[in-house]
Every structure is written in C-alpha cells, then in structure tokens.
Amino acid sequence: DAGVTQSPTHLIKTRGQQVTLRCSPISGHKSVSWYQQVLGQGPQFIFQYYEKEERGRGNFPDRFSARQFPNYSSELNVNALLLGDSALYLCASSQTGTGVSGNTIYFGEGSWLTVV
Amino acid sequence: AQSVSQHNHHVILSEAASLELGCNYSYGGTVNLFWYVQYPGQHLQLLLKYFSGDPLVKGIKGFEAEFIKSKFSFNLRKPSVQWSDTAEYFCAALALDSNYQLIWGAGTKLIIKP
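So the protein lines, in turn, are chains E and Y. Under my numbering, the first residue of the first sequence carries the number 1, and numbering increases by one thereafter. Under my numbering, the first residue of the second sequence carries the number 1, and numbering increases by one thereafter.
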C-alpha cells in the first residue's frame, strides 16, 4: 500500500505569492493533519481535518487555509507568502481523528517550500 | 499550555554505547506518546508509541521507551547503538481532550561515531 503522498516535493516561491500543497492519505484513512517544520525545530501543528471538516487549528495566521476533499485528500494553501514561511510542510494521516486513543499517525515525506 | 521537552539537542556516541534520550511532557490528563525518527533526507517515521497498558513499550530497530506517569516522562532507550542510528529523534504527545494536535519536542540530533 502507498504511504502518505505529498506534492510537490520542492518548490520556490517569491514573497507575496500564493502556494498550494497537496496530500493524499493512506488508503482507508479519513483524517489528515498538516504540520510546519522549520529547520532545527520540531513540527508545529497547523490544521487537522476529519471527514472533510476542520477539527483543529494551530496558532497560524489566516493566510493559512486548508480543505479536505470527498476522497479524503487535502490541500494546504498559504497566501501572501513571507520569507518566514520557508519550511518543510508535513502531511499526516490517520484512520480517525487524532483525539481517539490508539490512533497511529503516519507522515508523508513533506513539501519543502522556499520563499525568496 | 501543553508542551514537550527533550533534554538534549545534540548527542554524540560511539557504536555499541547505550542510549537514553529524555522526554518530558506537561499535561495532567490522558496522553498518547510517540517517538519518531527522521533519518537524513527522509521523512518522519514512527519508532514506537504508548497508548495504555504496559508502560514499557518496544519499537522497531531495538528501541524501547518507558512511560513513567509520576515523572511525566517517556524516555527512549537502546542498549547498543549502531552507526545507522544517526538521525534526529522527536518525542510527541497527544492530549486526548486537545484540539487534535500532536505537541512536539524540539528534537535530539544523534550522531553515532563508527
């Protein structure tokens, strides 16, 4: 079975531009979460979606938005990019919402975003 | 606020040495705990997890961790490390009445000298 797949793997954008990152969860998984990992730090939670509804949101500005589609894939959008948005964006999938005990979370390889 | 602390940012060991990486979390309720590993140039991989039951959990590649509730700790151990264990290790906690987010430690970079 395929794991969590993300695209693109690397991209470079200019300040002020907008970016869309895509994620396909493991087959059968209904929950997708997004994390931002800045070099040298642990991942920071951005969003969690379950059954196409937002279930959790981290401390990120409104420039960050996401959605989940009927096939459980997800997109993360970032508007008005800043240099500080340069990071590895990780998508994680799990069978149910992560508030459920015993729910293992699997990560994709990430999308490296560089803002110049 | 919930937080996860990893005591060492960098650890350097020789092959065959024993390893213990510290992790403490701050949350008084029920938590699920995880250790993830990130090898150079690769994605995060789950090493082991604690949900309930036996506080000593065994993971892949000879790693184990012990959940000590009274100390709010979940330290990672391996009796004899190998050069291939060179990686960054992250401890993460999920508070079960949280807004569904994993809280992560800052990571520990482990370098094994051959």
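These aren't lab readings, by the way, just hints derived from the structure by calculation. The structure presented is a predicted model; accordingly, all values stated were derived computationally and were not measured. Be careful, since some hints might not be right.
Computed from the model, here is a short list of chain Y residues facing chain E with C-beta under 8 Å [claimed, not checked]:
(1) H43
(2) L44
(3) L46
(4) Q101
(5) W104
(6) A106
(7) I111
Cβ pair distances, simulated, as ranges [what the hints assert, rightly or not]:
(8) E:H10 / Y:P55: 20 to 30 Å
(9) E:G16 / Y:L13: 22 to 32 Å
(10) E:T20 / Y:L13: 38 to 48 Å
(11) Y:P55 / E:I12: 29 to 39 Å
(12) Y:G28 / E:E54: 40 to 50 Å
(13) E:A80 / Y:E20: 38 to 48 Å
(14) Y:I12 / E:S65: 39 to 49 Å
(15) E:H10 / Y:G28: 40 to 50 Å
(16) E:Q41 / Y:I12: 29 to 39 Å
(17) Y:G41 / E:Q17: 21 to 31 Å
(18) E:Q17 / Y:W83: 38 to 48 Å
Anything over 12 Å on all C-beta distances counts as not near chain E; from chain Y, calculated [unchecked claim]:
(19) Q6
(20) Q82
(21) K109
Where is the CB? At the ideal position from N, CA and C, for every residue including glycine.
Violating hint indices (sorted, rising): Violated: hints 7, 8, 9, 11, 12, 16, 19 and 21.
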